[in-house]
Amino acid sequence: MCARLLSLGWLLVTLLACQSQSATPEAAPVASTSTPIEESANTIRLTNGEWPPYLSETLPHKGLASRIVTEAFATQGFTVEYGFFPWPRALSLAQEGAWDGSAVWFKNAEREKDFYFSEPVMDSQYVFFHLKSYPFEWEEMEDLAEVRIGATLEYDYGEAFTQAEEAGIISVERIPADEQNFSKLLGGRIDVFPLDLEVGLSMLRKNFTPEEMEQITYHPLPIRSDPGYLLLSRKVEGNAELIDVFNAGLEELRANGQLQQFVEESRQGK
1 MCARLLSLGW
11 LLVTLLACQS
21 QSATPEAAPV
31 ASTSTPIEES
41 ANTIRLTNGE
51 WPPYLSETLP
61 HKGLASRIVT
71 EAFATQGFTV
81 EYGFFPWPRA
91 LSLAQEGAWD
101 GSAVWFKNAE
111 REKDFYFSEP
121 VMDSQYVFFH
131 LKSYPFEWEE
141 MEDLAEVRIG
151 ATLEYDYGEA
161 FTQAEEAGII
171 SVERIPADEQ
181 NFSKLLGGRI
191 DVFPLDLEVG
201 LSMLRKNFTP
211 EEMEQITYHP
221 LPIRSDPGYL
231 LLSRKVEGNA
241 ELIDVFNAGL
251 EELRANGQLQ
261 QFVEESRQGK
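Each residue of the sequence shown is one higher than the one before, starting from 1 at the first, in my numbering.
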């Protein structure tokens, strides 16, 4: 732990120096420096769970979100070790400090008591999937009054959707599985189906033929949007500094275009 704190100190000094010089127009570029770090102190241990394509033990890079976390840390000289657990266990292990943290989670007040939250790693955007042959536009829930909407049991599609469904403004037919809703969409039994964009594209690629995939598109307006964050335990010494180091790496990925590259490669199953 002392070795990690020492390495974090050097990294933060370097980051602050770079920020200071970049704020001055006349400043010359600063060559990056590195400090030798013990391998054990240089490894971040994170719990994880199954949420393909964002997170999965069986996917390349352990999933899209895992890849972003891994590569953001890598820009700062850290490696990541993942442990996959049922979600409640994944959270409790990180909460207790048995692991350094967990990826990725939505933010709430209860979790903020136990964790440092990073900048958003990814954004879960729910959109309406529909057939290309079905002309579909919408801006507000009232526009969906005559649209046959398929949905999945126990899914929360956001406050506006829930209120419209409960008020009878929209007509929603719920069934147990997302795959079934895509089949209903292809069969013309529903008009639209809301699902996380990346989850939906991954599911289509995995469970349907290229010919079936070609028939389906989505409307870009999100029904709901929820950022996902890296959580680092408040019980692990050095994590307050480490979250800043991670955020710097994340910004580097965003600035050089790698973040979007990872998204595109994930959509190709890479």
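No wet-lab data here; the hints were simulated from the structure.
Fair warning: there could be bad hints in the mix.
Within a straight-line C-alpha distance of at most 27 Å, the following computed DSS-like cross-link-like pairs (lysine-lysine) qualify [as the list claims (entries may be wrong)]:
(1) K132 <-> K184
(2) K270 <-> K206
(3) K132 <-> K206
(4) K132 <-> K270
(5) K184 <-> K206
(6) K235 <-> K113
(7) K235 <-> K107
Note that the coordinates shown come from a computational prediction; the quantities given were computed from them, not determined experimentally.
Structure-based check of each hint:
Taken as a hint, the K132 and K184 pair is honoured in the structure, with Cα atoms around 15 Å apart against an allowance of 27 Å. Only pairs whose Cα atoms come within 27 Å are accepted, and K270 paired with K206 is accepted, the gap being roughly 13 Å. A hinted pair counts as satisfied when its Cα atoms are at most 27 Å apart, and K132 with K206 qualifies at roughly 20 Å. Of the pairs offered as hints, the one joining K132 and K270 holds, with about 26 Å between alpha carbons and a cut-off of 27 Å not exceeded.
Using a Cα cut-off of 27 Å, the hinted pair K184 and K206 holds, with the two alpha carbons roughly 17 Å apart. Proximity of K235 to K113 is assessed by CA-CA distance (about 11 Å); at most 27 Å being required, the pair is judged to hold. Distance restraint check for K235 and K107: the Cα-Cα separation of roughly 18 Å lies within the 27 Å cut-off, and the hinted pair is therefore satisfied.
Violated hints for the displayed structure: none, as all numbered hints are satisfied.
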